[in-house]
Amino acid sequence: MARPRAAVAGFAASAWRAFEDLFTPLEWDHLARSGDEPNPFAESWSLVPALERFAPDASVALAHFRVAGELSGLIPLARSRSYYGYPIPHLAAWSHDNMFVGSPLVRGGCEEVFWRELFGWADAHAGAALFLHLGWMAEDGPLFRALSQVADGQGRPWGVVQREERALLQSELGPQAYLEAAMSGKKRKELRRQHKRLAEEGELRFERRCDEAGLDGWIEDFLALEQAGWKGRNGSALADRLNTRDWFAQTLHGAAAQGRLERLTLALDGKPIAMLANFIAPPGAFSFKTAFDERFARFSPGVLLQLENLDLLEREDVAWCDSCAAADHPMIERIWREKRAIVRVNVAIGGPLRRALFRPMLRAESRGKAKGA
Numbered sequence: 001m002a003r004p005r006a007a008v009a010g011f012a013a014s015a016w017r018a019f020e021d022l023f024t025p026l027e028w029d030h031l032a033r034s035g036d037e038p039n040p041f042a043e044s045w046s047l048v049p050a051l052e053r054f055a056p057d058a059s060v061a062l063a064h065f066r067v068a069g070e071l072s073g074l075i076p077l078a079r080s081r082s083y084y085g086y087p088i089p090h091l092a093a094w095s096h097d098n099m100f101v102g103s104p105l106v107r108g109g110c111e112e113v114f115w116r117e118l119f120g121w122a123d124a125h126a127g128a129a130l131f132l133h134l135g136w137m138a139e140d141g142p143l144f145r146a147l148s149q150v151a152d153g154q155g156r157p158w159g160v161v162q163r164e165e166r167a168l169l170q171s172e173l174g175p176q177a178y179l180e181a182a183m184s185g186k187k188r189k190e191l192r193r194q195h196k197r198l199a200e201e202g203e204l205r206f207e208r209r210c211d212e213a214g215l216d217g218w219i220e221d222f223l224a225l226e227q228a229g230w231k232g233r234n235g236s237a238l239a240d241r242l243n244t245r246d247w248f249a250q251t252l253h254g255a256a257a258q259g260r261l262e263r264l265t266l267a268l269d270g271k272p273i274a275m276l277a278n279f280i281a282p283p284g285a286f287s288f289k290t291a292f293d294e295r296f297a298r299f300s301p302g303v304l305l306q307l308e309n310l311d312l313l314e315r316e317d318v319a320w321c322d323s324c325a326a327a328d329h330p331m332i333e334r335i336w337r338e339k340r341a342i343v344r345v346n347v348a349i350g351g352p353l354r355r356a357l358f359r360p361m362l363r364a365e366s367r368g369k370a371k372g373a
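Numbering follows the UniProt record's numbering, with no gaps: position 292 of the sequence shown is 292.
It should be emphasised that the hints constitute simulated quantities derived from the structure, not laboratory data.
Do not take every clue at face value.
Said to hold, decoys possible - In the DSSO-like style, the derived pairs of lysine-lysine whose C-alpha atoms are separated by at most 27 Å in a straight line are:
| # | residue 1 | residue 2 |
| --- | --- | --- |
| 1 | K231 | K189 |
| 2 | K339 | K189 |
| 3 | K196 | K186 |
| 4 | K339 | K289 |
| 5 | K196 | K339 |
As the list claims (entries may be wrong) - Label-pair restraints from in silico Cβ distances:
| # | residue 1 | residue 2 | range |
| --- | --- | --- | --- |
| 6 | R298 | S236 | 21 to 31 Å |
| 7 | R33 | S184 | 34 to 44 Å |
| 8 | P89 | R145 | 43 to 53 Å |
| 9 | P25 | D211 | 16 to 26 Å |
| 10 | S82 | P56 | 18 to 28 Å |
| 11 | M331 | S82 | 49 to 59 Å |
Keep in mind it's a predicted model, so treat the numbers as computed, not measured.
Glycine included, each C-beta is placed from N, C-alpha and C at the ideal position.
Construct the complete structure from the given sequences, taking the supplied hints into account.
What follows is the structure in structure tokens.
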């Protein structure tokens, strides 16, 4: 249930570099842990390093509000003159290429008042923006439900403009039972054979860590492993650019310091051949980045590591794990059988004339996808 409107202290947006004048990093961290819909990419240890490297000119604002004196909502906002290649000015939830979830951080129970306050602020500060664009959020989550209720209640035009389904791990089964339900006996036998053959190549060892021990070396190994593969050949590896490399390193250190990082490694003769970084954000988890040594592709080391990752099913603090993978990913969907629907949403802002201009655009873009007016 939403908190009473009277308890809300003004919704405001300020340049992100000035956030510590308005709330402390500790308040930000507390907010991240108080919501019903986690987003590690919006937590301080991930978002601040991203803003430092991808928005250094401070053009991004952090919009926030308090309820009963407590920081209760936070979203990064930016103005853009281009919308997917079209010259359409709009206001958007800021994101970057490695930000796989775009939902705001909102204290549990404050979802509806958050959207009311954000929409009201956007109406008053629309400037040249035609609409508000919101990034990937869970279609079945409390934030999307609250958004639809608030927008519909206000008679505000809105709609889903993009929808995807990506692999999700969510089950009451244990790891072995889940694997047996997800894969045929023939495929499981093949994986056992690959594991045995890989072990014949040298000393095969699996490691799981949730601390900061050896993290610098682990990061360097991961970056090198990823860059040596297809991402390096395509120029899309994290290590290909200094800003993404530094952001990755600082984010993993920040996550580990907060107890939010889980690292998995499959090593052969002491050298990693498959690696995975998970963000743990109860009640969920996010399978952030993975890499494997393509020289051992015939042994499926990435899949073998994912079998170890099924141990997430035994964690009492994790009810589900978002793969953060593209829809129809050929590897992870061989193992994870559930789906998480995520959506991008456009919302009308400003007065009647602006909304009238927005309606036909929304109708054309969201045809076949829309959940709103």
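Discussion item. Please verify whether K231 and K189 have alpha carbons no more than 27 Å apart.
Written reply: 30 Å, violated
Worksheet item: Do the Cβ positions of P25 and D211 conform to the proposed distance bound of 16 to 26 Å?
Response: 21 Å Cβ-Cβ, so the 16 to 26 Å window holds.
Discussion item. Given a hint of 43 to 53 Å, does the C-beta separation of P89 and R145 actually sit inside it?
Written reply: 29 Å, violated
Item to complete: Sort out whether K189 lies within 27 Å of K339, counting only the CA atoms.
Response: 25 Å, holds
Practice prompt. Sort out whether K339 lies within 27 Å of K196, counting only the CA atoms.
Written response: 31 Å, violated
Worksheet item: If you draw a straight line from the CA of K196 to the CA of K186, is it 27 Å or shorter?
Response: Roughly 15 Å between the alpha carbons, so the hint for K196 and K186 holds.
Practice prompt. Decide if the proposed pair is consistent with the structure: K339 and K289, CA atoms, cutoff 27 Å inclusive.
Written response: 18 Å, holds
Worksheet item: Is it true that R298 and S236 lie within 21 to 31 Å of each other by Cβ?
Response: 24 Å, holds
Practice prompt. Confirm or reject the claim that S82 and P56 have a C-beta distance inside 18 to 28 Å.
Written response: For S82 and P56 the Cβ distance comes to about 20 Å; the hint holds.
Practice prompt. Given the hint of 34 to 44 Å, check if R33 and S184 actually sit that far apart at their C-beta atoms.
Written response: 40 Å, holds
Practice prompt. For M331 and S82, compare the CB-CB distance with the range 49 to 59 Å and indicate the outcome.
Written response: 34 Å, violated
In the structure shown, a violation is registered for the earlier hints numbered 1, 5, 8, 11, in ascending order.
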